[in-house]
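Residue numbers (numbering that gives the first Met the number 0), protein chains in the order written: chain B, 0 to 184; chain Z, 0 to 227.
Some clues are possibly wrong.
Here are the simulated SDA-like cross-link-like pairs (lysine to any residue), alpha carbons at most 25 Å apart as the crow flies [as the list claims (entries may be wrong)]:
id, chain 1, residue 1, chain 2, residue 2
1, Z, K39, B, A147
2, Z, K6, B, K89
3, Z, K39, B, M49
4, B, K39, B, F7
5, B, K75, B, E180
6, B, K169, Z, T2
7, B, K54, B, S69
8, Z, K29, B, M149
9, B, K75, Z, R51
10, B, K89, B, K13
11, B, K20, Z, M37
12, B, K50, B, I172
13, B, K50, Z, T2
14, Z, K6, B, K20
15, B, K54, Z, T2
16, B, K13, B, K75
17, B, K20, B, I59
18, Z, K11, B, S69
19, B, K144, B, I172
20, B, K39, Z, A55
21, B, K13, Z, K11
22, Z, K6, B, G61
23, Z, K6, Z, G21
24, B, K54, B, F7
25, B, K89, B, S148
26, Z, K6, B, E145
27, B, K75, B, K144
28, B, K75, Z, N13
29, Z, K29, B, Q71
30, B, K75, Z, R1
31, Z, K11, B, R158
32, B, K54, Z, K11
33, B, K39, B, N181
If you are wondering where the hints come from, they were derived from the structure by calculation, not from laboratory data.
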Amino acid sequence: MELHNEHFIRECCKGNRTYQKQLFESLYTPMFRLSIRYVKHHADAEDCTMKGFMKMFQHIHGFVYEGENSLQRWTKRIMVNECLMFLRTKNKALLFPEDDLPQIPVSAEILMQLDAEDLNNLILELPIGYRSVFNLYVVEGYDHKEIASMLNISENTSRSQLMKAKAKLKNMIEQQQMNYENSRR
Amino acid sequence: MRTAEDKYIADKLNSIDHLPEGYHPNMVAKWEMIEMGMDKKSNRRVLPMWTRIAAAVLVVLGFTYFLLVPNSTTTVTVAKKEEQKSLRDREQPVVTKTYTVPQVKSNIIDIAKTTAHSISLPTIRKETSPATQLVDTNTIPTGIVPMQEITVQKEVAIDSTAITVTEPTPKKIRPRYRQIDFGTNNNNNELKEKVASGASLQFKFSLKKDNEPSKAIKPSVLKISHPL
Numbered sequence: 000m001e002l003h004n005e006h007f008i009r010e011c012c013k014g015n016r017t018y019q020k021q022l023f024e025s026l027y028t029p030m031f032r033l034s035i036r037y038v039k040h041h042a043d044a045e046d047c048t049m050k051g052f053m054k055m056f057q058h059i060h061g062f063v064y065e066g067e068n069s070l071q072r073w074t075k076r077i078m079v080n081e082c083l084m085f086l087r088t089k090n091k092a093l094l095f096p097e098d099d100l101p102q103i104p105v106s107a108e109i110l111m112q113l114d115a116e117d118l119n120n121l122i123l124e125l126p127i128g129y130r131s132v133f134n135l136y137v138v139e140g141y142d143h144k145e146i147a148s149m150l151n152i153s154e155n156t157s158r159s160q161l162m163k164a165k166a167k168l169k170n171m172i173e174q175q176q177m178n179y180e181n182s183r184r
Numbered sequence: 000m001r002t003a004e005d006k007y008i009a010d011k012l013n014s015i016d017h018l019p020e021g022y023h024p025n026m027v028a029k030w031e032m033i034e035m036g037m038d039k040k041s042n043r044r045v046l047p048m049w050t051r052i053a054a055a056v057l058v059v060l061g062f063t064y065f066l067l068v069p070n071s072t073t074t075v076t077v078a079k080k081e082e083q084k085s086l087r088d089r090e091q092p093v094v095t096k097t098y099t100v101p102q103v104k105s106n107i108i109d110i111a112k113t114t115a116h117s118i119s120l121p122t123i124r125k126e127t128s129p130a131t132q133l134v135d136t137n138t139i140p141t142g143i144v145p146m147q148e149i150t151v152q153k154e155v156a157i158d159s160t161a162i163t164v165t166e167p168t169p170k171k172i173r174p175r176y177r178q179i180d181f182g183t184n185n186n187n188n189e190l191k192e193k194v195a196s197g198a199s200l201q202f203k204f205s206l207k208k209d210n211e212p213s214k215a216i217k218p219s220v221l222k223i224s225h226p227l
């Protein structure tokens, strides 16, 4: 059975448990990966993922099909909100350190050399505030206006946080590269 | 605006399609947990909207009633329950009843608090039941014995404020004896009644004057006391 086609999604919306179970199994891995990019630890990511799925299935009857991947986009949005809520409650407020970092663009060559898993691990090392803005803008594709309303910050703060996140990531990538070369020598 | 670099990073991160190493979730247990959560939510009993609206309207009406309707009055009605006695039990001694007037109005509160009024009801006229009359006189009474209804209305003056004590009309109870109007004719009378079981009872009897005593035997007493 082809997953996420219109018939499949309509059955899920009607409350067909068999289809809903298949949907859950197919979406669990990408949603867990999404959650772990925000909350870092497995246990927290699992909590967020489960809460997100619970919300999703409770409101799925109101979902409007708008083409392929619309359900996945909708689910992603639920998960992102759940993770941000978790960060807000755990850290009281999202922290945005204002340290001045040199803004150096990351070259594509260095990025190409990086493994996806390594890149993921480096992103997890970013401070919570940087990481949130970076994930929302670069990975999820939200614009600064949306990010500002989601995180309750100004658009300019979102822009500056993104630049600082990128600079920090670049420093980290370069540091890792240097460590790797030193270990080879 | 997203750069090519951003897209590259996003694609790279989204390409990871496996769970982290060392993490193996029990998908069956997780699905059961979600199903349980969904069932819990669907089983939750929520009052329909119309009941909430109805309750709110009732509360508002209740408050409005208490705010708009004045609760001060100068007349106190003391209800007295007087049971209608059967004709046989009508012989009653003189009854004296004591009523305490409750607080009525702010300007008579002090008086009303300490005032107890003794109201003597008039002596109830002694009536002899038709059955007793029959026993005493060996005659059948003519005419309908009226049912007595007692209404007591007294005015008690307290500090220029009249308090009316009203006895409510007693509840009419069906008499246990059927009274028959024989009139002046000596024709045979018939009485047909249906009893509770559905059977029909029929009686035939005629009048006998007092000045014509029976020759053979003493006249017997006619007593009808079936539940009508």
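Now the hints, each set against the structure:
no., hint, verdict
1, Z/K39 with B/A147, "violated, 35 Å"
2, Z/K6 with B/K89, "violated, 30 Å"
3, Z/K39 with B/M49, "holds, 15 Å"
4, B/K39 with B/F7, "violated, 32 Å"
5, B/K75 with B/E180, "violated, 38 Å"
6, B/K169 with Z/T2, "holds, 15 Å"
7, B/K54 with B/S69, "holds, 17 Å"
8, Z/K29 with B/M149, "violated, 29 Å"
9, B/K75 with Z/R51, "violated, 37 Å"
10, B/K89 with B/K13, "violated, 35 Å"
11, B/K20 with Z/M37, "holds, 12 Å"
12, B/K50 with B/I172, "violated, 33 Å"
13, B/K50 with Z/T2, "violated, 33 Å"
14, Z/K6 with B/K20, "violated, 32 Å"
15, B/K54 with Z/T2, "violated, 33 Å"
16, B/K13 with B/K75, "holds, 21 Å"
17, B/K20 with B/I59, "holds, 13 Å"
18, Z/K11 with B/S69, "holds, 21 Å"
19, B/K144 with B/I172, "violated, 28 Å"
20, B/K39 with Z/A55, "violated, 49 Å"
21, B/K13 with Z/K11, "violated, 35 Å"
22, Z/K6 with B/G61, "violated, 32 Å"
23, Z/K6 with Z/G21, "violated, 29 Å"
24, B/K54 with B/F7, "holds, 19 Å"
25, B/K89 with B/S148, "holds, 19 Å"
26, Z/K6 with B/E145, "holds, 18 Å"
27, B/K75 with B/K144, "holds, 18 Å"
28, B/K75 with Z/N13, "holds, 12 Å"
29, Z/K29 with B/Q71, "holds, 19 Å"
30, B/K75 with Z/R1, "holds, 19 Å"
31, Z/K11 with B/R158, "holds, 22 Å"
32, B/K54 with Z/K11, "violated, 28 Å"
33, B/K39 with B/N181, "violated, 28 Å"
Hint compliance for this structure: hints 1, 2, 4, 5, 8, 9, 10, 12, 13, 14, 15, 19, 20, 21, 22, 23, 32, 33 are broken, all remaining hints hold.
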